[in-house]
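So the sequences go chain by chain: S and C. With my numbering, you'll find the first sequence wraps up at 501, consecutive numbering, no jumps. With my numbering, you'll find the second sequence wraps up at 687, consecutive numbering, no jumps.
One or more hints might be untrue.
When the alpha-carbon atoms are kept at most 30 Å apart in a straight line, the in silico DSS-like pairs for lysine-lysine are as follows [to be verified]:
| id | chain 1 | residue 1 | chain 2 | residue 2 |
| --- | --- | --- | --- | --- |
| 1 | C | Lys-653 | S | Lys-483 |
| 2 | C | Lys-632 | S | Lys-483 |
| 3 | S | Lys-437 | S | Lys-457 |
Derived from the structure by calculation, the hints contain no laboratory data. A quick note: this is a predicted structure, and the numbers were derived from the prediction, not measured.
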Amino acid sequence: AQSVTQLGSHVSVSEGALVLLRCNYSSSVPPYLFWYVQYPNQGLQLLLKYTTGATLVKGINGFEAEFKKSETSFHLTKPSAHMSDAAEYFCAVLKAAGNKLTFGGGTRVLVKP
Amino acid sequence: GAGVSQSPRYKVAKRGQDVALRCDPISGHVSLFWYQQALGQGPEFLTYFQNEAQLDKSGLPSDRFFAERPEGSVSTLKIQRTQQEDSAVYLCASSPISYGYTFGSGTRLTVV
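Here chain C stands alone, though its shape is the one from the complex (with noise of 0.2 Å):
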């Protein structure tokens, strides 16, 4: 597509609930990010992937959450037992092999 597509574009969720955030990156866009952006704050790294191969995981805050992306394309990044603390704008961005990062619009998710 044109850009990086992510769904869905809000998400409420009840504590300790499971929640599952796509994103869609730029065809052919080789690396791919995560990035957490708490409210009034800068984006912060989560993990990274080049094609299917997840290089860097060292953002992610706790194993409750977990990234994939099996085929090297669509990734999903999965919360478990989602805490209040988990409350953010979830950002994914992808890019060519080098630099050249294409944000897409974000998931909102609130945990109630």
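Chain S on its own, in the form it takes in the complex (with noise of 0.2 Å):
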């Protein structure tokens, strides 16, 4: 089975500071992980994914996550915080095309002025 933790339910950064936000898997075969951003009162929207290919992802809005097999990990970063980033991060992960998305239970970003 597979399983996301996502290390923090709420992060607060400062305006212009850096967003970590991290992301552990467990599955029995390489999987495809993604990052999705949901704003209030919305659906999920897609940031970035990663399937096979380079380690490191770049999405919209200037996020980026590195995929490390070692630590089975697959941590979102933005080097500089926006206020517009302020919404619900959810990592995924997919065992197969066409089958079902596991989600975390996601991580709320406040932003800072």
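With the hints as a guide, dock the two chains, each given alone in a separate frame, to form the complex.
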């Protein structure tokens, strides 16, 4: 069975500071990995995904994530936080194309001016 | 359409009432998923369709939950005799044959 753990349900950062959201997964086979963002009263928007190839993945809005197989991690970073980054972020794993996504519990990001 | 459309956006149901939630996926998307997102939690898988075939319904929490996609396009999630624990946001996602999920904005169900 797959599981996804997001360390820290809430993260507070100052505007302009580094954003780091942690995600660890357990999977019996190399998974596909995703980060989604959810703004209030909206659905999930894909930030980035890792499938194969380069382990450093760049996404929208200046976010990037690095797949580290040895650490079973897929942490999300952004060098400089913007007020518009305040939202909830979900890490998710997919075992095989077409199969269901398994989500972590989410991390809510608060950006302080 | 350009995105996944869900209706209604908000639904208030009295306990014991039946509800039907609609999902209109992106045209041509073969796969369709339903997820349940309780307040403050990540989405949990409910069921999966490939065209009109329901290939996985392992996440449906009880036999009060039923989903269909009769023509391989629009899908309906039906909840019979709603209970307070059914209160959640119900998300629909569609994708082509491979990965690349697009989520709708969800239906927020409140059972009172």
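Self-check item: Indices of hints not satisfied (ascending)
Solution: none
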